[in-house]
Structure formats: C-alpha cells, structure tokens
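Need the complex rebuilt from these two chains, each delivered in its own frame; the hints are there to steer you.
If you want the building blocks of each chain, they are given just below.
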Amino acid sequence: MLEIIDVTHTYGAYQALGGVKLTLAEGELVCVVGPSGCGKSTLLRCVAGLVQPTGGRILLDGVPVSQTPDNLAVVFQDYSRSLFPWMSAAANVALPLRRKGMDRASRRTAAMEALEQVGLAGAAGKYPWEMSGGMQQRVSIARALAYRPSLLLMDEPFGSVDAQTREDLEDLVLRVCAHHGMTIMLVTHDIDESVYLGDRVVVLSRSPGTVAGDLQVSLPSPRDQIATREHETFVRLRAEVGRLIRGNQLSPQET
Amino acid sequence: MRTRSTRVLRGAVGVAGLLVAAELALRAGHVTLLPLVSTVLLRAAELTVDGEFLSAAASTLASWAAGLALTVAVGIPIGLLLGAMPKVEAVVRPLIEFLRPIPSVALIPLAILVFTEQLHLRAAIVIYAACWPVLINTIYGLKDVDPVAKETLRSFGFGPLAVLVRVSLPSAAPFIATGIRLAASVAIVLAVSVELVAGGTDGVGVYIIKAGGGGRTDLMIAATVLTGLFGLLVNVAFVAVERKVFRWRHAR
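So the protein sequences, as listed, match chains A and G.
Using the UniProt record's numbering, the first residue of the first sequence is number 1, and each one after it goes up by one.
Using the UniProt record's numbering, the first residue of the second sequence is number 1, and each one after it goes up by one.
With the rest of the complex left out, here is chain G (with noise of 0.2 Å):
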C-alpha cells in the first residue's frame, strides 16, 4: 500500500513539474497562441459547474456508455462462442484481423450516410473500436484455461456446457475485465472523435469545435483536459474493481 501511494505522489510531482514548468516558460512569452497553463486549469474548473459544458458532457457521456454497453453485451458472447469452437475462430479470425486495423474515424463518412440518428451514428462508431479488445481479451481467456481445471470438473461427470460456465468462465473473467477496461478508453477517444469529424447538435467535441470558431483556445483546452482527466478516472476506476473482484489471481 506505502509502495503504491509513494508511486501516485511521485506521478503527482511528474504532472506538477511539467506545468510549473509550461507556466513559466508560456509567462516568459515563448509562446504566445496558447494561454497560461493556469487560466486552462481555472477554465477547466469553471467548466465543472458551466450549464452549456455540462450538457455537452451528458451527450458525450450517454454515446459513450451506450456504445459500450452494447460492446460488452455482443463482444462478450461473441467471443465465448469462438473461444469455446477453435474451428469457427480458425474460419472468423482472417476476417476479425482484416477488419481490426481499419481506424474507426476513416468509417465515420459511411456511418452518416447509413445512421440519420445521431446517438446511433456516435454509438456505432465507438462499438466499432471498442469491441475488438473484448472479443480478443475473451478468446484469448478461454483459450489460456487450465485443461487441469476443466478436467477436474470433466472427472465429477459435468457436461461441456457446466465447464464453460463454472471453469471456464470465472477463469477467463479477468482477461475479459482488462478487455473491458481497454475498450472503455478506446470508446473515449471515439465518442469524442466522432462528434469533432461529423458534428452534430451537442458533445464535448462539439464544444471543442465552437469555442475554436470563437478564438477561444483557453476554452478548447480546458474541455479537453477535462476528458482526458476522465479516461483517468475510468482506468482508475475499473483497475480498482478488477484488482478487487480477481483478487485470487494476483496473490497467486
């Protein structure tokens, strides 16, 4: 617990050594487009109580948690299948490993010509990207399933489907979590991405995009500082959960 703590504060030393330094370099007039670290932190902090920021968030936020949620409810069983039938993966996989390196923001032109709904569009994206490390996390975690595990059960006379459920599953669990919590960042990047590419009525990216028309750069920043502090908070967030569901794993 010491080792952990004396890390986040040596991290939090980092963070504060490289704005110190940004600030003084920004007031010695280096540079002069981008404003003073210190008004981005007060503007992000404005921005936390600021009712048309805040709208602009819950957008972002409801195709973020949308576009995720159905990633888990089609990726997980998706992968189960084909990581409990290695044959059908060995017939899928040239199409999943075609499919995965194509960047998300390259498909969001044909997503506006096929979704008229903007949530639909937004979410689609975002399932696009973040579905691949849940249906690569859950194949590789069936496949990495101790056959001693399974055998041990095979040998008290269970059925095919009862290992799936009690071995299998439980035992591939924390490598599906860790595909969840990547999917969340990456679902991040997108929700944001497709609302700077496509526009729309309201989102973070939205936002970003008006308060450059208006020369507002401190604004800009702010709002993006404060998405990024949010995939943080996420992954700070699911790597508590995780370390506290599959406790059993690391103490082994």
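For reference, chain A alone in the conformation it holds in the complex (with noise of 0.2 Å):
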C-alpha cells in the first residue's frame, strides 16, 4: 500500500537520504531502525508530505505523494508540542476529524470512542498540561486512531516516557492496531524496541540514509513484554539489526 522509490532527500550540501527502496504491505507494522542522524525522520517526513523530497517518488496505494494524504496520521515524539494545550484531551482527538466533514456530535463520540480505547476514558476534559507524559502521549495515539488512517507513521513515539510507560504504550500500540488493522511505519533508534514491534524490521544506515538491512520477524504473537525479549528468535534478530548498525557506524572508519 506505500511504495518507496528511490527516495533521496538533501538539506542544502546535506545529504540525508540516499536513494531508499522499500514498500509496505496493507496491515503490516514495519520499523525502520537506524543510528540517529540516518534520515530517518527525514524518511517519515516525506511520507507524510511535510518534506518535499529532492528525488524519486513515494506512492499510497498507488497515488504519488505531492502533499499530505487524506488517509495518514502521524504521531510526533514531542506530545507536549504536538497536543495543543489550550483544548481538552477530547477536543485535541477531535480536532482533525472536521476535515471528514462529521459534525459535532459524531466527532465527540468518535474522540471518546478513541480515548477509551488508549485508556483514558475518564480524561477526556483534562487539560495536556494536567496529564503525565504517558497519558499525553496516549491522547496523540487516541488523536491519530480516531482519525482511522490507512496508514499510521509513529516518529520515536515513545522516546520522551519512561521505560514502564515505554513498554505500556508499546503493547498499547500493537493491541489496537491489531484491532484496526491499520498499516504501521514506526521510525525509532531504539533495536530492542524494532524487534519488539515489528512485522519487519528495516535498517537504514548513517547518512545518506539508505536500507542495509529488511529483516521479516517471525515471532509469535500476540509479543509479550518478558516472554518475546526472551524468546531466542528475538536474542538472533536483536544481535542482528545490532550488526547491521554497528556495521555502518564502523565503515567511515576504516576507510
């Protein structure tokens, strides 16, 4: 359903990516693991049609991305920028829905259909400033599930919360888009992490970013947060995507 051809983006003399090749299949989660600084952000940027990319060409479900799509969210890292402090949790969810033309009512069952489903239902009226970092960025994820996009993109969406929160929203995650069947690109730096959640795990190497690695992972499902990081498939692939990393990093190097 997303097809990436030979994108390759510069800022200026900067070369941020270098020509990345890859497709995401309808319902699949796919992270794309990277050392910080290999453009993927940038990556996820131009998905999502904020970056206008220097070449080659992204297509969802086959239409060609010229600027945002219709049926896309993002969930940013910063939820303390991205949630808009001046409306409730049940406004911020809200919010994006005018641009499917409910009316008012519907878009207020729909945000607290969706705050439910992150856990939140008794927070709807609070404020994000009077939320922990978790619950903030629960609302994000409720904001971008209410929409209903065929395709979610996650920016380092749990890089700001602590590690018991981390691994709370990771489960969140993989539970409601199950539930969904939403298509998924999730952009970290964290390995365990990519391995965690991942359908397929896709490395890009330090800039100019380009894939060095496409790993499909074959754990069961659903993961579970002790069971899965022991499971001996996880430790192989862990060490892996490591490799394939630390590879790159090395490289300039030795040269």
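All the pointers check out, no bait thrown in.
Below, in silico cross-link-like pairs of lysine-lysine (PhoX-like), each with a Cα-Cα straight-line distance of 25 Å or less:
(1) G/Lys87 / G/Lys150
(2) A/Lys126 / G/Lys244
(3) G/Lys150 / A/Lys126
Just so you know, these hints were derived from the structure itself, not from any lab.
Here is the structure:
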C-alpha cells in the first residue's frame, strides 16, 4: 500500500537520504531503525507530505504523495508540543475529524471512543498540561486512531517517556493496531523496540540513509514484554540488527 | 493565592506609608504650593459624584474606548497578515521601526489641522500610540508558534488557512492579549495628553487645565489621581481576564 521508490533528500549540501527503496504491505507494522542522523525522520516526513523529497517517488495506494495525504496520521515524539494546550484531551482528539466533515456530535463520540481505547475514558475533560507524559502520548495516539487512517506514521513515539510507560504504550499500539488493521511505519533508534514491535525491521544506514537490511520478524503473537524478549528469535534478530547498524557505523573509520 | 494577597497587602502598606509621609511633610509646612494629601483624597472622592467631572470623564472614556477598539480591529488583522507572511513583513518592518518611535504628542498639531471633529482627532492620536504594541505583539506571537504544533495539523491534511486559525491564532492569543493590555495603558496616557495639548470642549485634560486656571491645585491633582486609578483598574482587569482565559499558558 506504500511504495517508497529511490527517495533521496538533501538539506543544502547535506545528503540525508541516499535513495531509499521500501514497500509496506497492507496491515503491516514496519519498524525503521537506524542511528541518529540516518535520515529516518526525514523519510517519515517525506511520506507524510510534510517534506518534499529531492528525488524519487512515494506512492500511497498507487497515488503519488505530493502534499499530505488524507488517509494518513502522524504521532510525533514530542507530545507536549504536538498536543494543543488550550484544548481538552477530547477536543484535541476531535479536532482532526473536522477534515472528515463529521458533525460536532459524531466528532465527540469518535473522540470518546478513541480515548477509551487508549485507557483514558475518564480523562476526556483534562488538559494536556494536567496529564503525565505517558497520558499525553496516549492522547496523541487516540487522536491518530480516531482519524482512522489507513497509514499511521510514528516518529520515535516512545522516546520521551519512562521505561515502564514505554512498555505499556508499546503493547497498547500492538493491541489497537491489530484491532484496526492499520498499516504502520514506526521510526525508532531503539533496536529492541524495533524487533519487539515490528512485523518487519528495516535498518537504515548512517547518512546518506539507505536501506542496509530488511528483516522479517517471525515472533509469535501476541507479543509479551517478558517472554518475547527471551525468545531465541528475538535475541538473534536483535543481534543481527545491531550488527547491521554497527557495521555501518564503523565503515567510515575503516576507510 | 495567599502569596498574591500578601503581595497586594505589602503594596498597599507602601502606598499608605508614602501618603502619610507626604501628609506629614505638607503639614510641617515644607511645601506650601501643594494641597494636603488628605484634601486631595477628599476632593477625589467628591469628584466621583461631581456632574461636571463625570461628563468630562465620559468624554475622555469615549475617545479612549473608540481609539482602543479601532486599534484592536485594525492592529490584529495587520499583525496576523505580517506575522503569517515573513517576506511582506521584511518589506514593511523598516517603516514600522521608523514610525514607532515618533511621539504621538508631536503629531497633535498636525492632527489638529487634519481633523475637524474633536472625537476623530482624539481617537486618531490614541490609535497612533496604541497600535504598536498590538501590532508588534501579534507579529511576535505568530512567529513564536511551535512548528511541531503547526506540522501536527498539517499532517492531518489541514491547509495553511486552517493552521492559521486553529493553531497559530490560539497559540499567539496570549501575546496579542498582552499587546492589547499595554495598548490600553498607552491609550489612557494619550487620551488625556491630546486634551491637554489640543484643548476642546470637554475631557479630563480640559478639566485639569480649567482647574489650574482657577488656581485649584487640589482639583487638578484629584483629577490626575482618578485618571491614574482608572489606569490601574484597567490593568488589573486585563491581567485577571488573561489569567483566566490563558490558564493553559501559565499552568504548563
């Protein structure tokens, strides 16, 4: 459903992406992992239509992405800046639904439903600044869910929360995505997280970012924070992803 | 809440202390030209029910309100336009920086020639002085909007106008409100100044000049004190409204 074809991007003289080729199938959860500065966020922003890639093409359901597509939502890392502090949680979740031409009552219903799915049914009237970081990111996720996108993009979504919250949110994402059958592209620098969450893990090399590896994750579902991480496939894949990333980190020094 | 009331109390003690000291100094006869503090306060209280003064105050209030309302109605849209279009702002900015430091009072003689209607003259001078804080704060408020917030809405497919109305405007609103509050204070200064310089049929400034002509320094100072009190009340009211409406900004 998503085709990224030889996408390149340069900021001035700096080449962030050096010809990325990547395809996502319907309903797949693909983790894009790479060292910081490998252009993984740039890639996500290109898919979202927030940045126009310098070269290559991006097709969403066969349609070239020129501006932000309608059936797409983004969850940003920085929830505190991404949520609007002058609005309650429910209003934040309901706002994007205006794009769908829904009336006030149905926006409200959809927002409440999404908040309930992320376990925040009781916090609809709260303002973002009255919530913990984990709760705020749940609101961001609820906002994306309520929008019912066919493609969900997540940019380091758990990078700013503590470890316990992070695990809770990871499982939340797995649960709701299985429920909605959404296609997800999740960008992270955390190797464990990419293997734990992904159906596939795509490794990007250091800049200019190119696909250094594309691994199928054949771990049993549903995933479990303890058992999955003990699984021999998990351990093997984690090492493999680590080597792919590390290998690319070392190569500039060797030459 | 408790610390705030403590602060208000301390401020009140400061004011009372100064007034008592001035009263004692005047009674000791060090300054003979000025009326006693107690006399001024008494006159000020009397003026609040004095028909002549009240009609003068109503006139000043009218030019203040008209000037401020027009300032807001014109300043915010222009500020939004300039804030949303940095290239246009770059073109207009030098002009703004040139016009802004020109004292409004210096324009009064020119304004007298241009405007025939008293209210027009007064409102025009008020607008000239009051528009800058509104304009500048609106521009800065828009520039200060978090790019992540704007991108969030863009990522849901909203266009530039929707982003301006739904993200930039509410996000800049506290800045704009501060601009209006500053403008309200400046507008009081100019509403009275223009009456002092240009004269006219009524207004607090005219009242003060007349009282001075009659040698009534007690009335002059009493009218001045009431003007200052009005300014203080306006400011307090604005701050209270800002605190309530923009609670999200302080609470973060």
